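Asks: Everything in the sequence shown is counted per numbering that gives the first Met the number 0, starting at 0 for the first residue and increasing by one.
Don't take each hint at face value.
[As the list claims (entries may be wrong)] Restraint-style ranges between C-beta atoms, simulated for each label pair:
#: 1; residue 1: Val91; residue 2: Asp57; range: 32 to 40 Å
#: 2; residue 1: Ala51; residue 2: Asp21; range: 19 to 27 Å
#: 3; residue 1: Asp55; residue 2: Ala84; range: 31 to 39 Å
#: 4; residue 1: Ala71; residue 2: Asp21; range: 18 to 26 Å
#: 5; residue 1: Arg78; residue 2: Asp32; range: 28 to 36 Å
#: 6; residue 1: Glu74; residue 2: Ala22; range: 14 to 22 Å
Keep in mind that the hints were calculated from the coordinates and are not lab data. Small disclaimer: the values here were computed from a predicted structure and weren't measured. Positions of the beta carbon are idealized from the N, C-alpha and C atoms, including for glycine.
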Amino acid sequence: MDGHLRDGVVELGGNARQQFHDARGYGTPIDGDDIRLASVEAAHLLLRGDLAAVVDDDDRLDFESFFAAAAADTEQFVRRFLVYADLRDRGVLRIARP
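The task is simple: from the sequences and hints, build the whole structure.
Replies: Below, the structure written as structure tokens:
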């Protein structure tokens, strides 16, 4: 599944609400089965292999490309991602907001 970068957040369609939000607490529901992910959530799903890519205009960004772009555009992104990933992996964190 691919996410689509829009206005600094990643949107997912299809069965994303059931697969990511309802089952594991990722994202914020927007319409029907669509969800919106914060950049740290999208990066974590890319790292885990749950997302194939994030599409930004005509570019398909894998984990490394998305991470580099987010780090360049978002203050403290690397630190926020490391803390987020650690808490997620420990099972402490369930929800992040964009």
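Asks: For every hint, state whether the structure bears it out.
Replies: To see whether the hints hold, each was checked on the structure:
1. The hint said 32 to 40 Å for the Cβ distance between Val91 and Asp57, and at roughly 38 Å that hint holds.
2. Between Ala51 and Asp21 the beta carbons are some 21 Å apart, a value that agrees with the proposed interval 19 to 27 Å.
3. Between Asp55 and Ala84 the CB atoms are about 21 Å apart, so this pair departs from the stated range of 31 to 39 Å.
4. Between Ala71 and Asp21 the CB atoms are about 32 Å apart, so this pair departs from the stated range of 18 to 26 Å.
5. A C-beta distance of roughly 32 Å is found between Arg78 and Asp32, which places it inside the suggested range of 28 to 36 Å.
6. Remark: the range hint 14 to 22 Å for Glu74 to Ala22 is contradicted by a beta-carbon distance near 31 Å.
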